[in-house]
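Peer 1: Could you build all of it, start to finish, from the sequences and the hints given here?
If you read the protein sequences in the order shown, they are chains A and B. For reference, each letter of the first sequence is one residue, going 1 to 477 in our numbering. For reference, each letter of the second sequence is one residue, going 478 to 572 in our numbering.
These are calculated hints, taken from the structure and not from any lab test. Computed from a predicted structure; not experimentally measured. Accuracy of the hints is not assured; some may be wrong.
[As the list claims (entries may be wrong)] Listed next, the in silico DSBU-like pairs over lysine-lysine satisfying Cα-Cα at most 35 angstroms (straight line): (1) A/K221 with A/K357; (2) B/K495 with A/K88; (3) B/K569 with A/K79; (4) B/K495 with A/K130.
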Amino acid sequence: MNWEAIIGLEIHVQLHTNSKIFSGASTAFGAEPNTQASAVDLGLPGVLPVVNEAVYPKAVAFGLSIGADISRLSVFDRKNYFYPDLPKGYQITQMDKPIVLGGSVQISLDGGTLKEIRITRAHLEEDAGKSLHDEFPSNTGIDLNRAGIPLLEIVSEPDMRTAKEAVAYARYIHQLVTYLGVSDGNMSEGSLRCDANVSIRPMGGTKMGTRTETKNVNSFKFLENAINFEITRQRDVLESGGHIIQETRLYDPDRDETRSMRSKETAMDYRYFPEPDLLPIAIDDEYILDIKSKMPELPREKSERFESDYEISKADADILVSDPAIADYFEAVTKICSDGKLVANWVRVELLGKINKDSIENKAIPVSAEELGKLLNRIKDQTISGKIAKDILNILWSSPMVNVDDYINENELKQVSNTSSLEPLIEEVLKQNPKQVEQFRQGKTKVVGYFVGQIMEKTSGKANPQQVNQLVLKKLT
Amino acid sequence: MKIEDYIVENIAELTQLKFSPGELSSIGNKMSEILELVEDMQTVDTTGVEPMSNPLDATQILRPDIATSENRRDVYQRSAPETRDGLYLVPKVID
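Peer 2: Quick look at the structure:
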């Protein structure tokens, strides 16, 4: 039988703030355990939460970017459950009146078609602490630095049908929140975590199957693996006559499988009620308009503008806008070197290649946009060859203080392009390689490449390969 | 609505309270009385009355996004039964 998967995602985005959502504790990553857990985060008796004003503009900006309704009056609720990393015994979240309602995004599928994914809601809430189960033999260690970190939970409709679509959607949300400055988007520090709701049904069916929820997946690769594992597992269960249990599962990247978390005999009842310690939060049209006027250009708009302004391909534009830091860098380089295609090519291939290789943050590119622009201008005016330019980029990468023009002059890297200095070299190479010359005469024209390579080596890459190619051909014919 | 013993047992589990079997029916009766009070209240005509989430006619005052708390871990951990390497220790949690 052919099966169809129905997938919905809940994405928890950590909002980029200095302090927590309800306390003045710092949100800085990597601090010693419990050094950023205040009395409010610990749920000590008598403390009261006070809402951080920075969380609202971020949630509103996200809502506006997906065309959602923004609630003028939103209310916090208590979600009650017991777990050691939740000291108060409840999480403050938004149930009945979330800040963002509805909206949708368009994701690009293979082949360039767009698919709309509807968003149900997005609400503000606090994160819980972290439980360390493996540090001590008979105890669990609790670090409450994360308790109270502001989150925006974005809930999608079950509009995705494959793991690939789910990943495309998650990537799009990641890109969006990074662009908007809503989140730093740092996945390795837990700034974006996904819960995947997956069920399957016979292809073309209309009834939903029983779903499972795989929690806390923190990379796109794991998300794809976890969903594919769940689809296969559920298909195997159903095809062998079993039935799916509605349950929470955990993805184990080491074994590439999802596992049932100890299932609770009684269905969880969170006993939501309005948070009595907080008043409703009111925002007006003026507040929303102000945020709207300050919103940056969004990735899709930027990509389209890059395509038309710099005459580059859609594929190049999409890659360049994938991270706002890279997009800004690209535009800064084009201010110096106006050849958009050349700049796009260098940023996409050379720069991103190096960034990936060194695993550095996109924001921390060691070569300034100005120096790269100057370097590319020297290729364009044929001062240096592309090969030499790549060597210089390597130098700039490790010594950012180097000035491109000075470096070219001091190391005599200017391209050798006058025929009179190249011709003796060509004659010499031809004389040293009579066998290859003979091969050429017999019709093996590919050996020209061999000669060009020899001459490039003799000039330490300073010759212009096209010109050498022409001169060699002229000599041989 | 009558609160049966099984409902009391379920709520007791959610709230991590322990009752002896003998207590269940008397607790159930008390809870039923509270619900009867709510049922009485529901007979009041509330047409045109806006639901509220808080009795105060006010909205929340917000706090500037500045990290103001100092690290007081030592003070807080003094009242914890067990700590190690800066972590609060609790009995092993499996799930």
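Peer 1: Taken at face value, is the distance from the CA of A/K79 to the CA of B/K569 at most 35 angstroms?
Peer 2: holds (24 angstroms)
Peer 1: Assess, step by step, whether the Cα of A/K221 is no farther than 35 angstroms from the Cα of A/K357, and give holds or violated.
Peer 2: holds (18 angstroms)
Peer 1: Starting from B/K495, check that the Cα of A/K130 is at most 35 angstroms away, please.
Peer 2: With Cα atoms ~28 angstroms apart, B/K495 and A/K130 stay inside 35 angstroms; holds.
Peer 1: B/K495 and A/K88: Cα distance at most 35 angstroms?
Peer 2: Distance ~20 angstroms between B/K495 and A/K88 Cα, so the pair holds.
Hint violations for this structure: none, all hints satisfied.
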